[in-house]
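Going down the list, the sequences are from chains A and B. Just so you know, the first sequence maps onto residues 2 to 117 in this note's numbering. Just so you know, the second sequence maps onto residues 3 to 116 in this note's numbering.
Since the hints were made in silico from the structure, they are not lab data. Because the structure is a prediction, the values reported are computed rather than measured. Warning: the hint list may mix true and false statements.
Reference listing, derived: stretches of chain A covered by chain B, where coverage requires no fewer than 3 residues with Cβ under 8 Å from a Cβ of chain B [claimed, not checked]: (1) 17-25; (2) 33-42; (3) 56-63.
With a straight-line Cα cutoff of 35 Å, these simulated DSBU-like cross-link-like pairs (lysine-lysine) come out [what the hints assert, rightly or not]: (4) B:Lys82 <-> A:Lys46; (5) A:Lys43 <-> A:Lys80; (6) A:Lys104 <-> A:Lys3; (7) B:Lys81 <-> A:Lys80; (8) B:Lys81 <-> A:Lys43; (9) A:Lys3 <-> A:Lys46; (10) A:Lys80 <-> A:Lys46; (11) A:Lys3 <-> A:Lys43; (12) A:Lys46 <-> B:Lys81; (13) A:Lys104 <-> A:Lys80; (14) A:Lys104 <-> B:Lys81; (15) A:Lys80 <-> A:Lys3; (16) A:Lys3 <-> B:Lys82; (17) A:Lys3 <-> B:Lys81; (18) A:Lys43 <-> A:Lys104; (19) A:Lys46 <-> A:Lys104; (20) A:Lys80 <-> B:Lys82.
To be clear about the criterion: a stretch of chain B counts as covered by chain A if any three or more of its residues have a C-beta under 8 Å from a C-beta of chain A, and this derived list gives those stretches [to be verified]: (21) 16-27; (22) 67-80.
From the three backbone atoms N, C-alpha and C, an ideal C-beta is built for every residue, glycine too.
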Amino acid sequence: RKEVEQDPGPFNVPEGATVAFNCTYSNSASQSFFWYRQDCRKEPKLLMSVYSSGNEDGRFTAQLNRASQYISLLIRDSKLSDSATYLCVVNIPKPAGGTSYGKLTFGQGTILTVHP
Amino acid sequence: SQTIHQWPATLVQPVGSPLSLECTVEGTSNPNLYWYRQAAGRGLQLLFYSVGIGQISSEVPQNLSASRPQDRQFILSSKKLLLSDSGFYLCAWSEWGGRGTPLHFGNGTRLTVT
Numbered sequence: 002r003k004e005v006e007q008d009p010g011p012f013n014v015p016e017g018a019t020v021a022f023n024c025t026y027s028n029s030a031s032q033s034f035f036w037y038r039q040d041c042r043k044e045p046k047l048l049m050s051v052y053s054s055g056n057e058d059g060r061f062t063a064q065l066n067r068a069s070q071y072i073s074l075l076i077r078d079s080k081l082s083d084s085a086t087y088l089c090v091v092n093i094p095k096p097a098g099g100t101s102y103g104k105l106t107f108g109q110g111t112i113l114t115v116h117p
Numbered sequence: 003s004q005t006i007h008q009w010p011a012t013l014v015q016p017v018g019s020p021l022s023l024e025c026t027v028e029g030t031s032n033p034n035l036y037w038y039r040q041a042a043g044r045g046l047q048l049l050f051y052s053v054g055i056g057q058i059s060s061e062v063p064q065n066l067s068a069s070r071p072q073d074r075q076f077i078l079s080s081k082k083l084l085l086s087d088s089g090f091y092l093c094a095w096s097e098w099g100g101r102g103t104p105l106h107f108g109n110g111t112r113l114t115v116t
């Protein structure tokens, strides 16, 4: 099983639609979760962190389900400018006894296209 | 505020030639530094990370190396490039402390090995 797994899509939605992406992770000890956005041929940019209680930033809502080990991103009222690849990022802890906290692991990304 | 600079933006190199990509961070001290590679249509692969000067961890075996000669400078090198080294190289930093703080990326270098 992959450490971080996303549905690659693509998701094609009309403007104004609501779309949701899920991302599953394999390590139950993971503590930090993020969503990034990557435009074509550009660097990934932090969209939002994901907190245990869920959090919202404008049209974007992120949630964490520890029991089922997944995080989600909900985009309401989609805009053309939301078209991008959305990357799920999870901190994968090192085994006990190591000196490092672990590393941030990226999912393969979910492609979203919003059309008029 | 913190900024990260990465150069060059684009590079075309012949097979067998050397490589040096540089990344610097401003506005923070003792950052964690990273080099990622993204092959065309693929996900991000962590190549190296560093938690301090001279401290480099390699994630995957390859013909690349990394160095951190100064606190906020991270260099990716190769003595002889392979065709398979083509890709989008991204430098990133995160806050020292290592509790899974988010990464902040530079603009990236698009490398084509011919």
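Query raised in the report: CA of Lys104 (chain A) to CA of Lys3 (chain A), is that 35 Å or under?
Result: Roughly 15 Å between the alpha carbons, so the hint for Lys104 (chain A) and Lys3 (chain A) holds.
Requested in this report: Decide if the proposed pair is consistent with the structure: Lys80 (chain A) and Lys82 (chain B), CA atoms, cutoff 35 Å inclusive.
Outcome: violated (45 Å)
Query raised in the report: Lys81 (chain B) and Lys43 (chain A): Cα distance at most 35 Å?
Result: It holds: about 27 Å lies between the C-alpha atoms, which stays within 35 Å.
Query raised in the report: Quick one, are Lys104 (chain A) and Lys80 (chain A) close enough, alpha carbons at most 35 Å?
Result: holds (33 Å)
**Report entry** Restraint check for Lys46 (chain A) with Lys81 (chain B), where alpha carbons must lie at most 35 Å apart
**Finding:** holds (31 Å)
Requested in this report: Would you check the hint for Lys3 (chain A) and Lys82 (chain B), treating anything up to 35 Å between C-alpha atoms as holding?
Outcome: holds (32 Å)
Requested in this report: Mind checking the alpha carbons of Lys81 (chain B) and Lys80 (chain A) for me, to see if they're no more than 35 Å apart?
Outcome: Distance ~46 Å between Lys81 (chain B) and Lys80 (chain A) Cα, so the pair is violated.
Query raised in the report: Between Lys43 (chain A) and Lys80 (chain A), is the straight-line Cα distance small enough, at 35 Å or below?
Result: holds (19 Å)
Requested in this report: Measure nothing beyond the straight line between the CA atoms of Lys3 (chain A) and Lys43 (chain A); if it is 35 Å or shorter, mark the hint as holding.
Outcome: holds (25 Å)
Query raised in the report: Taking a Cβ-Cβ distance under 8 Å as contact, does the stretch 17-25 of chain A have three or more residues in contact with chain B?
Result: Our answer is that it is violated, as 0 residues pass the Cβ test (under 8 Å) against chain B, missing three.
Query raised in the report: Does the alpha-carbon distance linking Lys3 (chain A) and Lys81 (chain B) stay inside the 35 Å limit?
Result: holds (32 Å)
Query raised in the report: Given the proposed pairing of Lys104 (chain A) with Lys81 (chain B), does the C-alpha separation stay at or below 35 Å?
Result: Holds. Lys104 (chain A) to Lys81 (chain B) sits at ~27 Å (cutoff 35 Å).
Taken one by one, the earlier hints fail for this structure at numbers 1, 3, 7, 20, 21, 22, listed in ascending order.
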